[in-house]
Amino acid sequence: MIYHINRVTLKATATPEQIEAVLESWRDQGRSNPAIKSFVVGRDHGGDYTYGAVFVVEDLDGLFAYLTHPTTYQTDHLGLHLVERLEIFDVSDDGDPDLNAKIQELHRRRNELNPQIADMLADVPTYTGSGVDD
Numbered sequence: 095m096i097y098h099i100n101r102v103t104l105k106a107t108a109t110p111e112q113i114e115a116v117l118e119s120w121r122d123q124g125r126s127n128p129a130i131k132s133f134v135v136g137r138d139h140g141g142d143y144t145y146g147a148v149f150v151v152e153d154l155d156g157l158f159a160y161l162t163h164p165t166t167y168q169t170d171h172l173g174l175h176l177v178e179r180l181e182i183f184d185v186s187d188d189g190d191p192d193l194n195a196k197i198q199e200l201h202r203r204r205n206e207l208n209p210q211i212a213d214m215l216a217d218v219p220t221y222t223g224s225g226v227d228d
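In terms of my numbering, the sequence shown is residues 95 to 228.
Some clues are possibly wrong.
What the hints assert, rightly or not - The following label-pair restraints were derived from C-beta to C-beta distances:
#1 Gly-223 <-> Asp-188: 14 to 20 Å
#2 Asp-213 <-> Asp-122: 19 to 25 Å
#3 Tyr-167 <-> Ala-106: 23 to 29 Å
#4 Pro-164 <-> Asp-188: 25 to 31 Å
#5 Gly-223 <-> Asp-187: 18 to 24 Å
#6 Ala-106 <-> Ala-216: 37 to 43 Å
Claimed, not checked - Using 25 Å as the maximum straight-line C-alpha spacing, the simulated SDA-like pairs for lysine to any residue come out as follows:
#7 Lys-131 <-> Lys-105
#8 Lys-196 <-> Gly-223
#9 Lys-131 <-> Glu-178
#10 Lys-105 <-> Ile-182
No wet-lab data here; the hints were simulated from the structure.
C-beta: ideal position from N, C-alpha, C; glycine also.
I would like the entire structure built from these sequences, with the hints used as guidance.
And the structure:
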């Protein structure tokens, strides 16, 4: 299993309506994407971020299906311009020693397939995580 985790702090200029729209868009990802086995969207507790989402997929194919699903792109378009800080990472119980490199490659491939999203991610003031070049 792979747990794909997004943590965000939104800009102070984000309105309550915009925030709820982004959170609902994340929820829609979880409800509508068959690759997602379970998910949670809500407040980030115990960290330096405001909100978070965790999407559980079975394997690398499921992760790529999540990354390239229309609802994932929809959320990107809806919310990335509102993000001040973003951290994306993956946790897995898979013992493959090359899993990290494979996950990183999926993120890079997604960004290559959709350069507009890559540009939007580049505009996030603080972004760390999967697929980010050193």
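Margin query: Going through the numbered hints above, which ones does this structure break? Give me the numbers in ascending order.
Written below: Numbers 6, 7, 9 - these are the hints that the structure violates, sorted from lowest upward.
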